[in-house]
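**Student:** Protein chains in written order, with this note's numbering: chain A, 450 to 740; chain B, 24 to 292; chain C, 12 to 390; chain D, -10 to 335.
Calculated directly from the structure, the hints in this document are not laboratory data. There may be inaccurate statements among the hints.
Unchecked claim - Heads up, simulated DSBU-like pairs for lysine-lysine below, C-alpha to C-alpha not over 35 Å straight-line:
1. K93(B) <-> K91(D)
2. K210(B) <-> K91(D)
3. K170(B) <-> K223(D)
4. K223(D) <-> K363(C)
5. K363(C) <-> K59(C)
6. K98(B) <-> K91(D)
7. K200(C) <-> K91(D)
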Amino acid sequence: MDLLLQTLANGIVLGAGYAVISVGLTLVFGILHIANFAHGAFFALGAYVMFLMISLHVPYLVALPVAVAVVAIVGFATETTIVRRSLYGEGHHGSIIVTFALGQAMVAALLLIFGPDPHPVGSPFGQSTLSIFGLMIAGQRAFIFVISVLVLSGFGVWLRYSTKGQQILAVAQNPRGALYSGINVPMIRSVSFVLGVAAAGLAGGLLAPIVTAYPTMGHSTLITGFTVVILGGMGSISGAMLGSLLMGLANALFETYVSVSWTPALGWVLVIAVLLLWPQGLRGRAELYRH
Amino acid sequence: MHKTPADASTQATAATEFAVRASDIHKRYGGVTALDGVSLTVNAGEIFGIIGPNGAGKSTLFDVLCGITKATSGKVEVLGQDVTRMSPHLVARSGVARTFQRTAVFGEATVFDNLLYGRHSSFRHSVIGRIFRSPAYRNDHGAFEAKAREVLAVTGLGEDRGRLASVLAYGVQRRLAVAVALMSEPKILFLDEPAAGMNGRETDDFIALIRLIAPGRTIVIVEHDMAVIKSLCGRALVVVDGRPVVVDAPDQVFKHAEVISAYLGADDD
Amino acid sequence: MQLHFTRALGALMLGSCLIAPATAADPVKIGIAAPLSGGAATYGHDVKRGAELAADKINEKGGILGGRKIELIFEDDKGTPQGGVAAVQKLISVNRVNAITGGTNSSVVLAETSITRSRILHVNGAAQADAITDQGSPWLFQINNTVSANSRSFNAYITDVLKPKTVAYMGENTEFNKTVLELLRVSLKAKNIEIINVSTYDADTNDFTSIITKIKSLKPDLLYVSDAYPARAAQLWKQVRQLGGFPKEVTSPGVVTPGMMNPSEGAMDGVITGEIFVVSSPGEANKKFVDDYRKKWNVDPGKGNLVSYEAVILIAAAMDKAGTVSDYEKISKTIRDNKWASPRGELSFDAKGRATALNFYIQQVKGGKLVQIDQVKSN
Amino acid sequence: MPDLPTEAAMTAPPAAAIPTLAGAQGSRVRPLAALGVAIVAAVLFGTLVTNSFIVTIAGYTCAFSLFALSINIMLGGLGEVPLGQCVFFGIGGYGVGIGMIKFGLPFELAAALSMAVSVAAAALIGALTLRLTGAYFSIVSWGLSGVALVAALNLTDVTGGPLGMYGFPPITVASIPLANPRGYFFVTVTVLILAVLLLHAVRDSRFGAAMESVRQNRHLAQSVGVDIFRQRLKAFLLSATLAALGGALCVPYAQIVTPEIFSVGNTVDALLMVLLGGSQLLVGPIIGAVIFTVIPHYLELDPNVRILLFSTAIVLIMIFAPGGLHQISSALIRRFKRKSGAQDPR
């Protein structure tokens, strides 16, 4: 029984981590209709900025926003130099390849600058462990859980009630209509891209103390992100949240009660099953992937 | 041969067999009702117009008629066969061709290849047949060449056969779209706002083209440009807010009160 | 069969290898195929550093064969078999190297041997899979202990000294870890110690909380972790620590590196492991190696650095003694018939071309450093 | 249909002759002449080049080009990015490995069987995934390759587990030993040429035309009677067959088949080849493959710098010349023609 409760707790905390990773991915897909295969690289970038800050003795809680800002800036540069020029309008075909190549380039760059070895990223919560009625939760994970709940709910409120947020939703619903109704669609697009990438940076900064910083760290993250996002329905933020929770619980339960070695396959099996039942994913909208 | 409203109506009464018959079509997207109980009958051999203000549901009706979108309820018969649930490519193979408002042609291909693609449904040869030049392949081949020559002549695209569709002038692209449709030797031809964005000369040429290809075919046109409807159609259906208002000769329908109010009300482009 | 076919290969390619006879002044080229890009690049680094130190040492002494210097040529094996084959092919046919070494990933080295067998001298530095030298091949040698050699020594220590009642195992799903697990099962069974849980995860796993939670719920006496990838192992131990740890904790022999201990930030303290080399081990040779290494790279050497160092030294010394750089029959015989000085003492090679370390050190992580706590005869 | 193009080219204004991105146009370079050149070049290369490294790499490049071609059936043919294509590449490799080592089959038979298995797998996967398009298709197929990798790692009895299948008996095709670099090269290059001929025929067939029409304008294609799903499935099956063949022919090179064969890295390499050469040119992937495999061996660069350069190149290509080198070269040719006073197209 304890085991079950602990497993569920692990699953939820894990899901919170997935949520931070996937929110940016789903936002970018929803607004720009781009599956950003460079998301993992931006995640790694965020972790490395944290590593630099920490090694400069910047306190963790200060370093985190800095990391997000730096990644956001890089994201903006990418948007103006690459994404805007090549990817808007046309189908997924180009965007997949460009973002994939971009990701590879960034990882190679990280490898050249920082070398292949993993770097520790200290965090005040790094070593501590919370125990709530006998349930053990690593401090950093508890922290991630809190932050992701705060950030995501904040983001949701912002989308719903701020003008810009509503414009973003409008563009996601119907770009042409938004254009006619006088919304500056290109601007909304770059805003969304930067937001999405910044979210990846945040995820990197949050998870770095757990997974350490190494160049190829984004790979598995990207895979998790995509499974979660497809499960929830690409472009749907609530779907991503739902998907994260489900995937977190599913992984935890499967690892504890079934088989660890087959867990990596579980996510994809779930994804395919879901897509067969609900072709747009749990919360997705059809037009998002209609040709 | 140019149909006047008069001989169209006589034909309408005379004709017993119909080309398209839709009965009580309803179409809903989520909460929105696009079509609300539309029924219509298009007689074989006539040129039939569908008009109405923007967002009246013309295009939806059009898509339902030629099988691209499926009606929520109601029945569509084309050439005597029920196509209500039939998948689009099968509808196409049963002798129905159409043009589109926007994505009109195969842009990256030459005019000639556009015709080739248009011929798909009447080809029979396999890849193996292609390699060994099987009789089936040679038949397809001959038939295609003959048809292509004819269509190129009719649509006056002979000069442009080697050009990329995307580099052609707009009016020419429209003629190419019709040419592609003609390659499948359709009994019924659906034209979705064919004259939209054409200048006067292009429009006149286009009207001439339609008259040229009309004989032996049924043609259904959705169009804003009343001049086109008036000069081509024997009868026209007016759709307003997803409901059929009146079917009559084009110059008659505008005497209808509801039509007038609808057109004055709606800001037409 | 195998041999037969590669003879054909050798015969065919030799022609292209032995053009332009070398003169006394030409350097002796040693080709090093190692992962320099991608996820395994961290191992490639170890190889590079060890090998370069060795080359420096030899060339300081004026090279071999009356003044021929050692020249190292590195090629990226990308950590994949295809990459390894391409790298070795190129080193042999384009760079015209006189011997091949490097190699960290077993499946990569295994692929490489299909090219080098009966064609060129191949000294495998770090890769541990028994499969590499099992078929035995006249010109193929292995410096590092095989997995089984290491495990036999280490498991003996577990069963005879640590004497746990129950054991839980977790490790990555690789050939190396699979072998470790099999051997562990055998030795535990012999002393009828129960192995109560086995969890093998794949390369992309970075969250172990549920695995650890489950294992903790089974309250094992000893946790055996088998994971050679520094980044992941560091995360794993952190998470073990955060969930309270286990009475006895050991990790598979021959995998603990500074690159693993530093990022673990003390989480590995108390973990016991075994190794064929330890910085603090006695002996002039070892002290000298460690000092030289610190001087060149100002970090402590690890096993990965040591074996690639030894590989280069061995190749050079053997060529020198045999008085040839291309008569591999003769060089190989020389290697088999003699004992070779190394920081670990005198190495000798058995019929399959495997060197067996003289000593096997049981070590424990203390304050982020490996400290020797026991020493068993390697068998 | 080869007669038509030439006939078209004759009667059409010179504009018809300008190279374009259009699929059918790509095949209008007099096929027989091209074939002759290819054969002569292959024979000369195979007989004159003595450096065994280059000959072996060439053989491997031909084998891998088959995989690139199969990717291009999906990319150039359907406009999809099949990140999971390595599944079929891997089936080809494991098919040979299991067939030869576990069942002692001859290479040819093992390869044929692996192709059959690959087609069966493609039929199943296609039924599941081909109704998806764009990013959905790419990601899900990628995921399936992940599943394949996990399976290869864990089904030790079948796949040999993490260390895979190794210790092959001598591999021969029609009693040509593939251990011999020349033998390997001639076999792979022959298969490659045959494959290109097949694809050329496909492109000019009813199927090819339908595929191209779907890629360019699926709605219009549907409205002229093309069954989109069926065409996509046929293309998928064809590409799976080629991928398996490529995977099988790569085995003699590495002499080992490991689970990494299912890693997306292989797909990405092939994708880069296709993009370098140009996805709309029939032999584009092969050109790309040559550039991609040969150049790195002569650039004395840090491997990571190399990756950085290649990836950046891809981004630039996608921004400025989505048609790859093929597009660049034809653009240059056109400019040159204009300069030399040739009639300006259009």
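**Student:** Work down the list of hints and note, for each, if the structure agrees.
**Tutor:** Evaluated hints:
1. Distance hint between K93(B) and K91(D) is unfulfilled; the C-alpha atoms sit about 53 Å from each other, more than 35 Å.
2. A threshold of 35 Å between alpha carbons decides the hint, and for K210(B) with K91(D) the separation of about 61 Å lies outside it, so the pair is violated.
3. Restraint check: the Cα-Cα separation between K170(B) and K223(D) comes to about 28 Å, which is no more than 35 Å; the hinted pair holds.
4. Only pairs whose Cα atoms come within 35 Å are accepted, and K223(D) paired with K363(C) is rejected, the gap being roughly 52 Å.
5. A threshold of 35 Å between alpha carbons decides the hint, and for K363(C) with K59(C) the separation of about 26 Å falls inside it, so the pair holds.
6. Taken as a hint, the K98(B) and K91(D) pair is broken in the structure, with Cα atoms around 60 Å apart against an allowance of 35 Å.
7. With a C-alpha separation of about 30 Å, the suggested pair K200(C) and K91(D) falls inside the 35 Å cut-off, and the hint holds.
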